[in-house]
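The hints should help you fit chain Y onto chain V, whose structure is shown.
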Amino acid sequence: MPEVLRAPLVVEFPFTRSLGPVQSAFLTGLRERVVLGVRTTDGRVLVPPVEYDPVTADELRDLVEVAPTGTVTTWAWNPHPRPGQPLATPFAWVLVRLDGADTSLLHVLDAPGPDSVRTGMRVRVRWAATRTGAITDIACFDPYGGAPAQPSGSTGEFADPVTGIVTPARLDYTYTPGRAQSAYLDALAEHRTVGERCPQCRKVYVPPRGACPTCGVATTEQVEVGPRGTVTTFCIVNIKARNLDIEVPYVYAHIALDGAGLALHGRIAGIPYDQVRMGLRVEPVWTEGARHPDHYRPTGEPDADYDTYRELL
Amino acid sequence: MTREIAVVAFAQTDHRRSTDDLSEVEMLMPVLHEVLDRTGLRTADIGFTCSGSSDYLAGRAFSFTLALDGVGAWPPISESHVEMDGAWALYEAWTKLLTGDADTALVYAYGKSSPGSLRDVLTRQLDPYYVAPLWPDSVALAALQAQALIDAHETDEPALAAVAARSRATDNPHAQLRGPVPHGDYVVRPLRTGDCPPIGDGAAAVILAAGDRARELCERPAWIRGIDHRIEPHSLGVRDLTDSPSTRLAAEKAGAFERPVDTAELHAPFTAQEIVLRKALRLDDTVRVNPSGGALAANPVMAAGLIRLGEAAAAIHRGEADRALAHATSGPCLQQNLVAVLEGDPR
Chain V
263 MPEVLRAPLV
273 VEFPFTRSLG
283 PVQSAFLTGL
293 RERVVLGVRT
303 TDGRVLVPPV
313 EYDPVTADEL
323 RDLVEVAPTG
333 TVTTWAWNPH
343 PRPGQPLATP
353 FAWVLVRLDG
363 ADTSLLHVLD
373 APGPDSVRTG
383 MRVRVRWAAT
393 RTGAITDIAC
403 FDPYGGAPAQ
413 PSGSTGEFAD
423 PVTGIVTPAR
433 LDYTYTPGRA
443 QSAYLDALAE
453 HRTVGERCPQ
463 CRKVYVPPRG
473 ACPTCGVATT
483 EQVEVGPRGT
493 VTTFCIVNIK
503 ARNLDIEVPY
513 VYAHIALDGA
523 GLALHGRIAG
533 IPYDQVRMGL
543 RVEPVWTEGA
553 RHPDHYRPTG
563 EPDADYDTYR
573 ELL
Chain Y
-4 MTREIAVVAF
6 AQTDHRRSTD
16 DLSEVEMLMP
26 VLHEVLDRTG
36 LRTADIGFTC
46 SGSSDYLAGR
56 AFSFTLALDG
66 VGAWPPISES
76 HVEMDGAWAL
86 YEAWTKLLTG
96 DADTALVYAY
106 GKSSPGSLRD
116 VLTRQLDPYY
126 VAPLWPDSVA
136 LAALQAQALI
146 DAHETDEPAL
156 AAVAARSRAT
166 DNPHAQLRGP
176 VPHGDYVVRP
186 LRTGDCPPIG
196 DGAAAVILAA
206 GDRARELCER
216 PAWIRGIDHR
226 IEPHSLGVRD
236 LTDSPSTRLA
246 AEKAGAFERP
256 VDTAELHAPF
266 TAQEIVLRKA
276 LRLDDTVRVN
286 PSGGALAANP
296 VMAAGLIRLG
306 EAAAAIHRGE
316 ADRALAHATS
326 GPCLQQNLVA
336 VLEGDPR
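Protein chains in written order, with our numbering: chain V, 263 to 575; chain Y, -4 to 342.
Isolated chain V, as found in the complex (with noise of 0.2 Å):
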């Protein structure tokens, strides 16, 4: 077996997300050093707090102020903290009841072993340094000994309420392409275009993706397709890429192979933009060290007869 491509691939996201009324008011609250829950039809104190009872389904809008002092309900202890979580040093998920609330919030205790956690023990609050209005303003909890903390009085309202929050994400993978999409990045690798053959159909993929999609069984036997191929429609770009060096107006067409069951697409160059045209015969032009043809030029061979790839479009 040949030996299996991998690359690095990292999936990143910054989702910014609007705030209902409660959730503002919850994390306009921790960036003031204030915990608001918000209190239920049947008497109940939600922390965190939200929009909807969970039972009732209930729209709440009673925001009370609770302690940053509270009881622990569960624990886990964490010897390996991953990205992302709140500490880098060993220590305990929790969930937290504070004082004051019915319900359990999820954070992390800041504690010297998972000797010194157990359920019921009293923690509080540690606040982050820098606060913007994100659940993360809890630093973590610590250890504590003394009497419930005294809610601060806070109304609930606050000057200048965060309205929305935007949270990053990053994934990684390793991307490994499988059988066929590896034959196929291999072969190109040699500056040659190798598609699969259906067993069924007959038909030839061009880039290879392990199936052919209207019989549904694999497809297995190689064939090496072009160099030349047919423009089958083309359309002129007009708008300049970001990070795209490349001069507008220029042609982007879908170039059908020879010997190929569809078209795939690339960048016409060497010929004026408006000369290009449904028919035009084309071939690849490589650049040192790349992956792919840069783009593909006229051979200077007659055209194609519609007729030959008329079902290429």
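Keep in mind that the hints were calculated from the coordinates and are not lab data.
All values reported here derive from a predicted model rather than from experimental measurement.
No residue lacks a Cβ here, since even glycine has one placed at the ideal position from N, Cα and C.
Any given hint could turn out to be false.
If the Cβ cut is set under 8 Å, some of the chain Y residues that face chain V in the computed set are [unchecked claim]:
#1 D16
#2 S18
#3 T38
#4 G54
#5 L61
#6 L63
#7 D64
#8 V66
#9 G111
#10 V116
#11 R119
#12 P123
#13 W130
#14 P131
#15 A138
#16 V183
Just chain Y now, with coordinates in the frame of chain V:
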């Protein structure tokens, strides 16, 4: 219910830590062909196709559309997808068959967890306002549930280790982890490596058929007598983590408590979750629980729930079970639960 609907065939891959030599559709296709072969159907004969998967696992956008190549989806077929475990795809297919729009359905699911870091990937399914910014990984959340059970004296660490050992004593040839497996160190205390499911890649498929069509396609169809799914409040701190009211309610609606079952396939990725499910489902020691090894033997995310339905059905096909319960879960700490009751015709 106006139509009888049955699982008539089931197939799954061997589940492996990594399938880096295969794309998702390449991993899936042999299973699709195997399940079709069991019924003699071709893809063109299938009335409705429904799949379950998540692009986050392998980090490939719209991977489910590429997977569709494997079913011969062109020209366009009647098809749907859920970004959930395939058990919920089966639920959708079941409703489709109930309407009478189709007589057969192909349901498949696949998960390729090996390209990413699954514990971190799964944090992205959590409440994005109050929970996800803390990146609480899947083992951490399961450990909070396990500690709650220990505190309530409903289990202890040796009992959890026994669940792991019994699960992996399976003779299931598709299992990723089988036989004696060291229980290991704490991953997140109180859960040790042995309490956690293996991380790996795999796929599964079932075929559903209605009424007489089911009898034509399968010697002993596994009739779906009831199926239902329910969810817990999304905030972990609102829930009693030692119980699963949503499982109990789904089981009640599915008719699970009307008569005893002989076999149960439970989707409990972590040992402590089996304790919760046994209680919610009122399973006593007379019921064979997870002869397949369950998710502790193989846990291809997005397929492991569908596999529970498939394993329960296959036990009926083989005549090893007459009335089986299958359960699937999704989300942290048994957040969402599906229960199905399957029966074979009297022998």
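Which constraints among the numbered hints does this structure fail? Numbers only, ascending. none
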